[in-house]
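There are 2 protein chains.
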Amino acid sequence: MTLPHGVVETPVFMPVGTAATVKAVPQNVLEQVNTQILLGNTYHLYLRPGHERIRRLGGLHKFMSWPHPILTDSGGFQVFSLNHLRKVTEEGVEFRSHIDGSSHFFSPEHSMEVQLALGADIAMVFDECTEYPATRERARSSLDLTLRWARRSRDYFYAHAEEVPWFAEFNGRTPSLFGIVQGGMYEDLRRESAERLVELDLPGYAIGGLSVGEPREHTRAAIASTLPLLPADRPRYVMGVGYPDEIVEYAAMGVDMMDCVLPTRAARHGLLFTSEGRMNIKNQQYAEDQDPPDPACGCMVCGRYTRAYLRHLAMAKEPLGGALNSIHNLYAYLDTMRSVRDAISLGALDDLVARTRGRARQHDVS
Amino acid sequence: MTLPHGVVETPVFMPVGTAATVKAVPQNVLEQVNTQILLGNTYHLYLRPGHERIRRLGGLHKFMSWPHPILTDSGGFQVFSLNHLRKVTEEGVEFRSHIDGSSHFFSPEHSMEVQLALGADIAMVFDECTEYPATRERARSSLDLTLRWARRSRDYFYAHAEEVPWFAEFNGRTPSLFGIVQGGMYEDLRRESAERLVELDLPGYAIGGLSVGEPREHTRAAIASTLPLLPADRPRYVMGVGYPDEIVEYAAMGVDMMDCVLPTRAARHGLLFTSEGRMNIKNQQYAEDQDPPDPACGCMVCGRYTRAYLRHLAMAKEPLGGALNSIHNLYAYLDTMRSVRDAISLGALDDLVARTRGRARQHDVS
Numbered sequence: 001m002t003l004p005h006g007v008v009e010t011p012v013f014m015p016v017g018t019a020a021t022v023k024a025v026p027q028n029v030l031e032q033v034n035t036q037i038l039l040g041n042t043y044h045l046y047l048r049p050g051h052e053r054i055r056r057l058g059g060l061h062k063f064m065s066w067p068h069p070i071l072t073d074s075g076g077f078q079v080f081s082l083n084h085l086r087k088v089t090e091e092g093v094e095f096r097s098h099i100d101g102s103s104h105f106f107s108p109e110h111s112m113e114v115q116l117a118l119g120a121d122i123a124m125v126f127d128e129c130t131e132y133p134a135t136r137e138r139a140r141s142s143l144d145l146t147l148r149w150a151r152r153s154r155d156y157f158y159a160h161a162e163e164v165p166w167f168a169e170f171n172g173r174t175p176s177l178f179g180i181v182q183g184g185m186y187e188d189l190r191r192e193s194a195e196r197l198v199e200l201d202l203p204g205y206a207i208g209g210l211s212v213g214e215p216r217e218h219t220r221a222a223i224a225s226t227l228p229l230l231p232a233d234r235p236r237y238v239m240g241v242g243y244p245d246e247i248v249e250y251a252a253m254g255v256d257m258m259d260c261v262l263p264t265r266a267a268r269h270g271l272l273f274t275s276e277g278r279m280n281i282k283n284q285q286y287a288e289d290q291d292p293p294d295p296a297c298g299c300m301v302c303g304r305y306t307r308a309y310l311r312h313l314a315m316a317k318e319p320l321g322g323a324l325n326s327i328h329n330l331y332a333y334l335d336t337m338r339s340v341r342d343a344i345s346l347g348a349l350d351d352l353v354a355r356t357r358g359r360a361r362q363h364d365v366s
Numbered sequence: 001m002t003l004p005h006g007v008v009e010t011p012v013f014m015p016v017g018t019a020a021t022v023k024a025v026p027q028n029v030l031e032q033v034n035t036q037i038l039l040g041n042t043y044h045l046y047l048r049p050g051h052e053r054i055r056r057l058g059g060l061h062k063f064m065s066w067p068h069p070i071l072t073d074s075g076g077f078q079v080f081s082l083n084h085l086r087k088v089t090e091e092g093v094e095f096r097s098h099i100d101g102s103s104h105f106f107s108p109e110h111s112m113e114v115q116l117a118l119g120a121d122i123a124m125v126f127d128e129c130t131e132y133p134a135t136r137e138r139a140r141s142s143l144d145l146t147l148r149w150a151r152r153s154r155d156y157f158y159a160h161a162e163e164v165p166w167f168a169e170f171n172g173r174t175p176s177l178f179g180i181v182q183g184g185m186y187e188d189l190r191r192e193s194a195e196r197l198v199e200l201d202l203p204g205y206a207i208g209g210l211s212v213g214e215p216r217e218h219t220r221a222a223i224a225s226t227l228p229l230l231p232a233d234r235p236r237y238v239m240g241v242g243y244p245d246e247i248v249e250y251a252a253m254g255v256d257m258m259d260c261v262l263p264t265r266a267a268r269h270g271l272l273f274t275s276e277g278r279m280n281i282k283n284q285q286y287a288e289d290q291d292p293p294d295p296a297c298g299c300m301v302c303g304r305y306t307r308a309y310l311r312h313l314a315m316a317k318e319p320l321g322g323a324l325n326s327i328h329n330l331y332a333y334l335d336t337m338r339s340v341r342d343a344i345s346l347g348a349l350d351d352l353v354a355r356t357r358g359r360a361r362q363h364d365v366s
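Here the protein sequences come in this chain order: A and B.
For the first sequence, position 2 matches number 2 in the working numbering, and the numbering has no gaps at all.
For the second sequence, position 274 matches number 274 in the working numbering, and the numbering has no gaps at all.
Pulled out of the complex, with its shape left as it was, chain A reads as follows (with noise of 0.2 Å):
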């Protein structure tokens, strides 16, 4: 993906900056581990620092120094995730900041006005994110407004394109709009929702509602069944996966964009992913473990530290300890990707996928 930022390699992983940093790990970090492009968080960008004070600032690339490409999300999923007392209408939908408990509304042209604001290469629809479980006729009408809102986002976007604070600056170049595919667990509706999305002629389309508290299969299934029904030729995004051995799945059966908190969520509680498998580093069994995490890992940290130090920083809540862990689980992710995209290269894909299937997620390091 060529993007005014600069060319993505897919398949890729984005680390997700929540509130324009991804937590604890500094951009230098960031790039050192091979970040190609962030997830910045809508939403939380939206409440604090606000993007209008973002816009001034020059947008989010200049606002946290991050001159490399940038995906938005498009609210929808943290208004619909964090707040019980929102209240959805055909115009969008009411939600108190879950800072201050003060009232906000997002509809499409909302935005759609705070993305470009923001200025990321990649903005996403406004979608409504079907919850799991949803009965058949509930998942029908969150797709059916999840397309009528979908067309108002790329009117609105396209008409206002021009306003990313870094338009003149990159001579003229616009960011990209994609669209989210909804339809709950209902294969049918996941079609009819992704074949009404592509007549919308956008760059990239994602698959939305997932991630959501689904059995696994029912992700693997939705993700198998929609994928065709995308233009092979335009970036197809998965929202909010993986596991490691998730995302080597699904980029081998197509999928050229994920993103997810959990290589970070799940380095601040104390859980490494290794090349083994997943450890927990808080167990007493690492306690005089001179090994590094990952002796088969080439990332700074196991370069340097040991399972025993690391252990000791979670044990006493340091924070250096869930910074190193998330330095380790970015470079194992990001890393990951980067040996799908050399299998891709070399015809050895499916040798990839079958040595990777299932170790990290299921197996727990002894």
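Hint data in this document are derived by calculation from the structure and do not stem from the laboratory.
Please note: incorrect hints may appear among the correct ones.
Same chains, same label: a pair holds when it works inside one copy or across any pair of copies.
[As the list claims (entries may be wrong)] In silico DSS-like links for lysine-lysine, alpha-carbon gap of 30 Å or less:
hint	residue 1	residue 2
1	K317	K23
2	K23	K282
3	K87	K282
4	K282	K317
5	K282	K62
6	K317	K87
7	K87	K62
8	K62	K23
For this one, chain A is given, so just place chain B on it according to the hints.
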């Protein structure tokens, strides 16, 4: 100072690595900001992860992957400052863990045993840190006890100095033990404490019992009157100081070593030390300020991030905020001491002291 783990140029400021970590700052960044020697807290490391564990793992240098010099305090200061249920006898101090309330006992011999297990390059005698204010009688009995404990510390330390974990690896080199002057704010008692301590013929001496709440003029007076009593051919260390202008002033008075949690603790509360004074980065005035924290600073934080971004991280309580602020403040402290060393070799120290006097502490940047 030529120590087993390296050469230290004096005067030197030592960042505090309480629990085998300078809070939120990775070891490679400590190297990047030119940290020459770290201070480790014996009390904290004894309680968690435990000195026996650290000894089995090869000592503190190996445990935390810090192959450069380390100094450990004696545990005395924390025992006295963190414990309200402590019980002091001639033999030592009984205290309760601030982590789990368990009961522990430190004697001079036990403090030495713990410090030798940690394996610092420089250990400190076990002292009773006299509180402020203290009556003359109290200060006298406290300094007497500290002197008796210093002798016991020395006797145990040098009988067991070959037990440091790195003794064989470093071809039979051993660590050094520094004495600590007490005496409260009474000049004659400080004098007596210093003179009797020097009779022990230790390789270095510290002035303790400062930064315990006394007015700044008392700190300066105690340093000024005590320094000439300590051998100028051995390192003279003032424990627990200070603000940026103070460390310049004390270095100019002849102090060789200082340590303080201020640069990192203040950083976590959003207080930055700059060449123009101190800056509370949370202030509203920085919300859209695109300057680096200190335009005159050469650190990696000032090279990449704006005041607006650091303010956002602080307001959002993002862990990256405390980390970046800590890196800047440590760089500022260590670069200040570098400029002191440069000024000494150029014979321009008076100019430097005049330029920095009062600035960093007393003026808030406006």
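Hint check results:
Proximity of K317 to K23 under the C-alpha cut-off of 30 Å is found in both arrangements, the shortest distances being 15 Å within a copy and 10 Å between copies. Taking the shortest Cα distances, K23 and K282 sit within 30 Å of each other both inside one copy (20 Å) and across copies (19 Å). Taking the closest pair of Cα atoms, K87 and K282 never come within 30 Å of each other, the shortest separation being 42 Å inside a single copy and 34 Å across copies. Both within a single protomer and between protomers do K282 and K317 lie at most 30 Å apart by alpha-carbon distance, with minima of 11 Å and 25 Å respectively.
Proximity of K282 to K62 under the C-alpha cut-off of 30 Å is restricted to the inter-copy arrangement: shortest distance 20 Å between copies versus 37 Å within a copy. For a Cα distance limit of 30 Å, the shortest separation of K317 from K87 across copies, 29 Å, qualifies, whereas the shortest one inside one copy, 39 Å, does not. In this assembly of identical chains, K87 and K62 lie within 30 Å of each other by CA distance neither inside one copy nor across copies; the values are 34 Å within and 56 Å between. In this homomeric assembly, K62 and K23 come within 30 Å of each other (Cα to Cα) both inside a single copy, at 18 Å, and across copies, at 28 Å.
The structure fails to meet hints 3, 7 from the earlier list, while all remaining hints are met.
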